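Visitor: As a plain string of letters, each chain reads:
Protein chains: 2
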Amino acid sequence: MTERIHLFDTTLRDGAQTSGVDFTLDDKIRIARMLDDFGIDYVEGGYPGANPTDTAFFEEKRTRRARFTAFGMTKRAGVSVSNDPGLAAVLDAAVDACCFVAKAWDYHVHVALGCTLEENLESVRLTVEAARARGHEVLIDCEHFFDGFKGNPEHALAVARTAHAAGARWIVLCDTNGGTLPHEIEAIVAAVARDVPGDRLGIHAHDDTGQAVANSLAAVRAGVRQIQGTLNGIGERCGNANLVTIIATLALKPEFSDRFVTGVTPEKLGELTHVSRAFDDILNRSPNRHAPYVGANAFATKAGIHASALVKDPRTYEHVPPETVGNRRRVLVSDQAGKSNLLSELARFGITVDRADPRLDRLLGEVKDREARGFSYEAADASLELLARRTLGTVPRYFEVQSFRVMVERRFNELGELVTQSEATVKVKIGDQLMLSAAEGNGPVNALDAALRKDLGPYQSAIDDLVLVDFKVRILNGGTGATTRVLIESRDGAKNHWTTIGVSENIIDASFQALMDAVVYKLVKSGVTAVA
Amino acid sequence: MTERIHLFDTTLRDGAQTSGVDFTLDDKIRIARMLDDFGIDYVEGGYPGANPTDTAFFEEKRTRRARFTAFGMTKRAGVSVSNDPGLAAVLDAAVDACCFVAKAWDYHVHVALGCTLEENLESVRLTVEAARARGHEVLIDCEHFFDGFKGNPEHALAVARTAHAAGARWIVLCDTNGGTLPHEIEAIVAAVARDVPGDRLGIHAHDDTGQAVANSLAAVRAGVRQIQGTLNGIGERCGNANLVTIIATLALKPEFSDRFVTGVTPEKLGELTHVSRAFDDILNRSPNRHAPYVGANAFATKAGIHASALVKDPRTYEHVPPETVGNRRRVLVSDQAGKSNLLSELARFGITVDRADPRLDRLLGEVKDREARGFSYEAADASLELLARRTLGTVPRYFEVQSFRVMVERRFNELGELVTQSEATVKVKIGDQLMLSAAEGNGPVNALDAALRKDLGPYQSAIDDLVLVDFKVRILNGGTGATTRVLIESRDGAKNHWTTIGVSENIIDASFQALMDAVVYKLVKSGVTAVA
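So the sequences go chain by chain: Y and B.
Counting with our numbering, you get residues 1 to 532 for the letters of the first sequence.
Counting with our numbering, you get residues 1 to 532 for the letters of the second sequence.
If you're looking for bench data, these hints aren't it; they were derived computationally from the structure.
These numbers come from a predicted model, not from an experiment.
Cβ coordinates follow ideal geometry from the N, Cα and C atoms, glycine included.
Incorrect hints may appear among the rest.
What the hints assert, rightly or not - Distance windows between CB atoms, simulated:
| # | chain 1 | residue 1 | chain 2 | residue 2 | range |
| --- | --- | --- | --- | --- | --- |
| 1 | B | S286 | Y | E414 | 35 to 45 Å |
| 2 | Y | R373 | B | M1 | 35 to 45 Å |
| 3 | B | G493 | Y | P458 | 57 to 67 Å |
| 4 | Y | R285 | B | D369 | 38 to 48 Å |
Stated by the list, open to error - Here's a subset of chain B near chain Y, in silico, CB distances under 8 Å, partners left out:
| # | residue |
| --- | --- |
| 5 | Y107 |
| 6 | G178 |
| 7 | V213 |
| 8 | T245 |
| 9 | E255 |
| 10 | M407 |
| 11 | R411 |
| 12 | G416 |
| 13 | T420 |
| 14 | V473 |
| 15 | G493 |
Make the full structure from the sequences, and use the hints.
Guide: Next up, the structure:
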């Protein structure tokens with residue numbers, strides 16, 4: 001018999017406290033839908049009344065299956081339930097459940113609320129009853145529960161017991177400042193579970209000691225049956241518990257999967273990587289390549305002591321199969337790249353070559369030679385694929401850049417203002433035709449990119465949807481005369497992403513190589529043929 | 001009585017497996033020195049014989065206090081100790097200690113080594129004896145120990161016992177694929193500690209379930225007395241255990257600090273944030289703002305339910321005081337923290353200003369404004385000092401750059417070869433005199449630098465010994481049109497180092513700002529006065 005673990009997502013509420021994160025109404029709607037489809041049990045959408053976005057978001061129910069939840073504070077001491085406008089906004093929201101934060105640390109009751117402990121308990125009781133009377137399911141987030149328990153266990157427990165007795169469905173133990181350690185969590189949860197049944201308890205952890213996931217799982221082991229967290233662990237300071245990591249661990253580690261089940265089906269679990277990255281897309285930030293389970297590198301091995309054994313039997317080097325979370329194995333081609341590595345990379349590109357094909361040795365030699373010069377193909381799949389296809393003779397000669405010139409000038413303009421202007425000229429030969437394009441930009445690479453893609457004649461329509469999304473420069477050794485490595489990430493209208501690389505002593509040359517690869521890769525992938 | 005926990009850093013060995021990380025010899029030397037100064041007990045430098053960089057790195061001892069450690073594999077089965085060239089390279093290295101990886105999972109002994117379990121134990125024994133005979137301290141990293149223990153506890157334990165009996169100082173239990181959970185770690189370590197004393201045991205954890213820190217600390221609770229990890233948790237896949245987080249937790253959480261002590265003194269702990277960020281600087285990557293303890297946001301609160309209470313009494317909202325790790329509180333409503341910080345920075349430069357001086361407010365406003373635009377003065381002391389001295393009116397107007405022009409051209413030369421040429425022209429006004437200098441370079445910034453420093457007339461002798469030692473470019477947001485931050489590190493004949501910064505949409509402009517600051521800083525520091 002397995003027990004149910006309930007997943008409570010607070011990305012849109014506590015996650016919105018992340019510095020630099022500012023959800024629009026549209027973002028909130030998209031994220032709530034994604035969480036709902038994925039199988040999350042509770043989607044906490046924000047704090048109705050606290051700001052116009054949250055108020056608008058709670059005008060209608062935004063989930064189909066998940067319980068749509070509003071966050072608020074328990075009734076203020078000294079006013080009645082009907083005279084607390086903050087509370088009214090929460091109770092009036094179009095939700096299935098209300099989650100109220102209550103002070104569980106006596107110190108904060110005195111300092112922040114300025115009321116007695118009795119009044120605090122009374123607030124909890126009246127708030128729970130008021131929300132239940134409106135037909136809402138009720139959760140009580142016990143703020144600073146663990147610090148509170150260490151300081152005054154009687155009051156912390158009284159808050160939990162009061163909420164339970166008043167009919168709250170869940171009493172959530174919050175490690176608000178994130179400083180509690182896993183074994184403390186386990187011991188304190190076990191103590192609480194003697195008063196309040198575990199299937200009414202939840203955990204809300206923060207990552208201030210890098211242990212929010214461990215703390216959440218320790219709480220489950222000690223009895224709680226609800227976990228609160230956020231997508232990719234966003235949140236104030238060091239973040240909240242990362243639900244993505246927790247979901248995978250609950251589903252794939254026998255210790256948990258033998259005893260528990262969540263609302264995320266095995267089929268949905270296969271979308272975990274997609275969900276994590278789609279969320280980063282909405283935030284417009286690069287996914288963490290090293291994220292557990294879902295990072296681009298989570299199942300990647302750089303050639304080294306493990307690579308050849310990994311090729312022999314990948315499973316013993318992977319703690320879970322990458323496909324279960326929708327991720328994939330990557331054997332990185334680098335410095336010590338062997339033939340087996342290269343073959344498995346080529347297979348991923350859909351290129352099959354015989355192990356004895358002499359072109360394979362040529363390609364391997366070329367890769368090693370270029371990596372010795374500073375190329376790093378593990379970060380630039382598209383350039384590796386192009387190099388491979390060129391060696392195998394399957395990349396058309398679409399066009400030839402005969403020359404380019406980039407100029408950056410800083411001078412005083414006619415108004416006496418100091419201005420810097422960048423312009424580039426590119427001469428391209430397509431078939432028999434010579435085309436000269438010029439463009440300005442806000443820097444030399446931007447100008448060169450604009451000139452190169454301004455008019456590629458018959459190919460122009462195939463690259464119209466190409467967008468440069470990232471440009472990275474790394475100097476490989478000291479000084480301004482050093483070798484420069486440029487990585488360019490591109491995207492097209494169909495949301496395909498690819499990364500290309502250029503290396504040169506000259507940053508403009510390096511950028512140009514990466515830009516050229518980005519364009520040619522797009523033409524190859526679009527199945528464009530060369531003009532005669 | 002406190003017990004000693006030994007810190008073993010493997011940034012330069014296991015951390016070097018991180019995708020995208022490629023240490024130069026100079027990087028390795030700098031990082032080893034930093035770890036040594038910080039109080040790390042063991043600095044594992046790499047794998048002598050595996051590649052030219054590591055071989056060169058091990059030609060001399062690179063630490064003063066820390067044990068300088070080489071990594072290698074135990075003797076191959078079927079050859080004698082003296083006939084194993086890989087082993088010889090490790091034994092011949094200029095080190096204090098050798099750390100050998102041994103297979104502890106019977107499955108891998110059969111599949112990867114293709115030898116018997118007895119031969120495997122024999123390899124361990126002979127390797128330990130050979131290294132001890134050379135006067136080295138010996139560590140045995142038991143690869144896949146936890147998976148091995150679950151599959152065949154007898155063999156896993158036999159490897160640990162054999163290493164111990166042969167005289168290895170440390171037997172390190174490795175969770176190689178990172179999939180083991182904290183309570184499993186705790187139980188298995190406790191089982192091993194019945195055979196091998198805990199003060200001979202170490203833990204080596206990976207972050208594949210987001211619990212490398214929790215696993216390391218669970219192992220300490222169960223008895224191990226050595227922790228292996230990396231700076232900022234870099235490492236293959238999801239990374240190694242983050243030593244930065246672990247060091248802070250051991251030092252600041254009474255559960256650990258009451259029982260244990262490490263080689264990092266409280267004073268050095270105050271440099272933790274600096275060490276973490278300096279390492280990111282070497283990697284040329286942005287520090288993780290959400291990192292536990294050391295992230296820019298680790299003690300930051302966005303206006304929300306906690307902000308006003310935080311202002312009343314910050315300590316109850318912070319799990320540890322930020323100063324203990326050299327970090328600082330950020331409450332977005334208060335300017336006061338900024339002023340105190342700035343005053344202490346200025347004092348460091350030897351500049352004393354009265355707290356009430358209005359120029360201080362102007363400087364603070366300017367710093368905040370520039371940081372909002374992407375400047376990062378934490379990494380560019382010299383530019384901050386110049387900005388401060390300019391606001392206080394003590395930087396002479398040495399010269400004025402009236403205009404510059406940089407051109408990069410790629411074309412076919414008279415021999416039909418494709419060449420790229422970069423040249424720059426700079427017009428400088430010194431006193432009444434206008435000077436035009438032109439120079440070529442192997443890239444636009446190099447050409448600009450050469451032209452600027454070609455002839456500064458009366459100042460030339462003061463900058464003759466100026467050398468640019470590093471040039472770093474970081475793109476602050478996506479696309480080739482993004483804001484660019486350039487950091488330039490310079491050095492003079494007296495081995496003074498200083499770093500300057502420039503930020504602009506245009507990489508050439510940003511580089512120029514940093515170059516100008518580098519030159520002016522040198523003139524100021526040399527006490528040069530301006531030509532009338």
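Visitor: Of the numbered hints stated previously, which ones are contradicted by the structure, given in increasing order?
Guide: 2, 4, 12, 15
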